[in-house]
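**Q** Be aware that the sequence shown starts at 1, since it is given in this note's numbering, and climbs by one per residue.
Treat the hints with care, since some could be wrong.
Below, computed lysine to aspartate or glutamate pairings styled on DMTMM-like, alpha-carbon distance capped at 25 Å [claimed, not checked]:
| no. | residue 1 | residue 2 |
| --- | --- | --- |
| 1 | K150 | D171 |
| 2 | K115 | E141 |
| 3 | K61 | E119 |
| 4 | K182 | D43 |
| 5 | K191 | D56 |
| 6 | K178 | E101 |
| 7 | K188 | E123 |
| 8 | K188 | D158 |
| 9 | K182 | E99 |
| 10 | K150 | E119 |
| 11 | K188 | E107 |
| 12 | K61 | D97 |
| 13 | K189 | D56 |
| 14 | K188 | D43 |
| 15 | K72 | D162 |
| 16 | K188 | E87 |
| 17 | K115 | E142 |
| 18 | K61 | E87 |
| 19 | K72 | D158 |
| 20 | K69 | E107 |
Hint data in this document are derived by calculation from the structure and do not stem from the laboratory.
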Amino acid sequence: MKRKMIVMAMATILATGLSACKTTTVERVDTDSVQDLSGNWNDTDSRLVSSRMVSDMMSRKWLTNYQVKNGKNPVLIVGAVRNLSHEHINTRTFINDLERELINSGEVEFVASSKERGEIRAERQDQAANASMGTQNVAGEETGADFMLKGQINTIFDAAGDTQVKYYQIDLTLISLKDNRKVWLGQKKIKKVLETGRFR
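Using the sequences provided together with the hints, build the complete structure.
**A** Have a look at this one:
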């Protein structure tokens with residue numbers, strides 16, 4: 001019993017000593033730099049995919065057809081982007097990247113999401129009760145969206161020996177809210193090969 005206690009005490013001291021030897025270094029890097037540590041979906045993937053897919057969407061005929069027919073830019077809203085992959089992906093960040101690219105394109109108008117609209121409508125109700133008549137923003141003056149952008153992220157995972165392959169497929173669909181027509185289908189694929197080294 002005494003010997004067992006001594007062994008346990010020595011193991012604890014050894015573990016404490018090893019953890020004390022660990023050091024953490026922090027290096028500030030440019031936010032646009034590629035830091036692919038785990039091979040999982042990351043900020044670079046989100047930024048590049050949103051930029052390329054929006055660029056493709058803005059170059060297609062649906063946009064010029066709408067502008068010529070209506071004499072104005074279309075109004076868009078981003079709906080749900082579903083994560084159907086095998087890993088956790090922050091789709092809110094991806095949606096934000098899409099929204100930024102769309103707004104900065106200068107080719108479309110943009111309206112708030114359903115969640116954001118709820119907060120804004122609550123503020124209008126508060127204004128109706130508390131703000132002066134000259135400064136109130138009244139209900140019923142919202143701009144309706146012409147198109148909704150929806151999508152999903154899928155993955156395929158394959159592995160053999162020390163090699164793993166992660167394949168991402170991002171599909172986006174732009175849908176007319178007037179008649180449910182799909183006016184643009186976009187797809188972007190990413191393939192990552194991971195080599196796992198072994199200690200020798």
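**Q** May I ask which of the numbered hints given earlier this structure violates, with the numbers listed in increasing order?
**A** Violated hints (numbers, rising): 3, 4, 7, 15, 18 and 19; every other hint is consistent with the structure.
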